[in-house]
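Each chain is listed here by its residues.
There are 6 protein chains.
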Amino acid sequence: MPFVNIRITREGATAEQKKQLIEGATQLLVDVLGKNPATTFVIIDEVETDNWGIGGQNVTELRAAAKNSSTLV
Amino acid sequence: MPFVNIRITREGATAEQKKQLIEGATQLLVDVLGKNPATTFVIIDEVETDNWGIGGQNVTELRAAAKNSSTLV
Amino acid sequence: MPFVNIRITREGATAEQKKQLIEGATQLLVDVLGKNPATTFVIIDEVETDNWGIGGQNVTELRAAAKNSSTLV
Amino acid sequence: MPFVNIRITREGATAEQKKQLIEGATQLLVDVLGKNPATTFVIIDEVETDNWGIGGQNVTELRAAAKNSSTLV
Amino acid sequence: MPFVNIRITREGATAEQKKQLIEGATQLLVDVLGKNPATTFVIIDEVETDNWGIGGQNVTELRAAAKNSSTLV
Amino acid sequence: MPFVNIRITREGATAEQKKQLIEGATQLLVDVLGKNPATTFVIIDEVETDNWGIGGQNVTELRAAAKNSSTLV
Numbered sequence: 001m002p003f004v005n006i007r008i009t010r011e012g013a014t015a016e017q018k019k020q021l022i023e024g025a026t027q028l029l030v031d032v033l034g035k036n037p038a039t040t041f042v043i044i045d046e047v048e049t050d051n052w053g054i055g056g057q058n059v060t061e062l063r064a065a066a067k068n069s070s071t072l073v
Numbered sequence: 001m002p003f004v005n006i007r008i009t010r011e012g013a014t015a016e017q018k019k020q021l022i023e024g025a026t027q028l029l030v031d032v033l034g035k036n037p038a039t040t041f042v043i044i045d046e047v048e049t050d051n052w053g054i055g056g057q058n059v060t061e062l063r064a065a066a067k068n069s070s071t072l073v
Numbered sequence: 001m002p003f004v005n006i007r008i009t010r011e012g013a014t015a016e017q018k019k020q021l022i023e024g025a026t027q028l029l030v031d032v033l034g035k036n037p038a039t040t041f042v043i044i045d046e047v048e049t050d051n052w053g054i055g056g057q058n059v060t061e062l063r064a065a066a067k068n069s070s071t072l073v
Numbered sequence: 001m002p003f004v005n006i007r008i009t010r011e012g013a014t015a016e017q018k019k020q021l022i023e024g025a026t027q028l029l030v031d032v033l034g035k036n037p038a039t040t041f042v043i044i045d046e047v048e049t050d051n052w053g054i055g056g057q058n059v060t061e062l063r064a065a066a067k068n069s070s071t072l073v
Numbered sequence: 001m002p003f004v005n006i007r008i009t010r011e012g013a014t015a016e017q018k019k020q021l022i023e024g025a026t027q028l029l030v031d032v033l034g035k036n037p038a039t040t041f042v043i044i045d046e047v048e049t050d051n052w053g054i055g056g057q058n059v060t061e062l063r064a065a066a067k068n069s070s071t072l073v
Numbered sequence: 001m002p003f004v005n006i007r008i009t010r011e012g013a014t015a016e017q018k019k020q021l022i023e024g025a026t027q028l029l030v031d032v033l034g035k036n037p038a039t040t041f042v043i044i045d046e047v048e049t050d051n052w053g054i055g056g057q058n059v060t061e062l063r064a065a066a067k068n069s070s071t072l073v
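Which chain is which? The protein sequence lines are R, U, W, A, E and V, in order. The first sequence: position 26 = 26 (the UniProt record's numbering), numbered continuously. The second sequence: position 12 = 12 (the UniProt record's numbering), numbered continuously. The third sequence: position 25 = 25 (the UniProt record's numbering), numbered continuously. The fourth sequence: position 20 = 20 (the UniProt record's numbering), numbered continuously. The fifth sequence: position 32 = 32 (the UniProt record's numbering), numbered continuously. The sixth sequence: position 35 = 35 (the UniProt record's numbering), numbered continuously.
Hint data in this document are derived by calculation from the structure and do not stem from the laboratory. Please note that the accuracy of each hint is not assured.
You can't tell identical chains apart in this list, so a pair holds if it fits in one copy or across any two.
Pairs of lysine to aspartate or glutamate residues, derived as EDC-like cross-links and limited to a Cα-Cα distance of at most 16 Å, are as follows [what the hints assert, rightly or not]:
#1 Lys67 x Glu16
#2 Lys67 x Glu46
#3 Lys67 x Glu48
#4 Lys19 x Asp45
#5 Lys19 x Glu46
#6 Lys67 x Glu23
#7 Lys67 x Asp45
#8 Lys67 x Asp31
#9 Lys19 x Asp31
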């Protein structure tokens, strides 16, 4: 009965991509630990880029800076 | 000083229902553990049905399937 | 399919009390929102009193101070 | 590589204030524990006032009551 | 820069299995959303079976009951 | 009434350092948003290095590798 919480920035993940995250995370728990998928929960939280920081900067700024570079975050 | 986080799918819970969840969860901590309600926090997160999976399927799909059945989730 | 996370300080909650929290939180979701108990998860986290702060002080200190007063937290 | 999750009520925090929270929380981990800011995450969740309870009441009610008093929450 | 929190019951997951969860969850975010693994965090929380409830019962009880049946949770 | 959850690896943070995290996080919310410290919660979770992954590797491995380098994580 695992619970998986995936937090990503809100930057256009599609319904199809979110389905793949749910399927993939559920299958991972089945494959590695033999968990029952019927009682495996996955919750995806999409967070505004202003509300997510890394290295002391928010992702809005990081994305703007990355336009001039090849940095992938 | 307990902290309670209730996560539900965003499917039309009313302000009144959410008040009842806050009151009920707070009272539960008072009744069972004698906690002080004044320092008991309750946070309700409402999650899009596309973003919640169970059994490897998202709730949007489960709700559509349930229309043809009596399954309650 | 709600998910409830109850966080309390680790101060001797018994297995019986934790059962009551699980039962009570599950029933609350049934009563207020008509949720299916079979797919309702409750997770209790017990947090060391050194690791929980309120008002800028940790609970270890608050408990020591409260011994000389009637404050309930 | 710390992870900091700050939850506040959604009551008009500006992008600038949220930047300050991200910078401040990141710096705190550097100052106290010598953590590497480059791998420090901060996520801010803004929660509707109907969805946050304290003392068994939601913040929407507490804010209305506070208009007639000097209580700060 | 995703953040994945996997919560499982504390029932003997090995260091090797936890490595596989970390690798698998990281790869899932790369495959589905093209995220940078270098800034992908995975945290596994192992929860005591007394502290996890489903269907209003804790997992300690469910495991005891399951010994006499083929139920997988 | 903010809630701050700080997650760090369990690598010997002292009670004094954790006090500083609680004080600092509480003060940050006061300084930036004018929040009331009396209703500000801080919870610190210390996570085993086997249970925290970054870049697809757990911190136990990263620490071992870092002994031969100057990498700070």
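Right, here's what the structure says about each hint:
no.: 1; hint: Lys67 x Glu16; result: neither (26 Å within a copy, 22 Å between copies)
no.: 2; hint: Lys67 x Glu46; result: neither (22 Å within a copy, 28 Å between copies)
no.: 3; hint: Lys67 x Glu48; result: neither (18 Å within a copy, 30 Å between copies)
no.: 4; hint: Lys19 x Asp45; result: within (13 Å within a copy, 20 Å between copies)
no.: 5; hint: Lys19 x Glu46; result: within (14 Å within a copy, 18 Å between copies)
no.: 6; hint: Lys67 x Glu23; result: neither (32 Å within a copy, 22 Å between copies)
no.: 7; hint: Lys67 x Asp45; result: neither (25 Å within a copy, 26 Å between copies)
no.: 8; hint: Lys67 x Asp31; result: neither (38 Å within a copy, 22 Å between copies)
no.: 9; hint: Lys19 x Asp31; result: between (18 Å within a copy, 13 Å between copies)
Hints 1, 2, 3, 6, 7 and 8, counting from the list given before, are not met by this structure.
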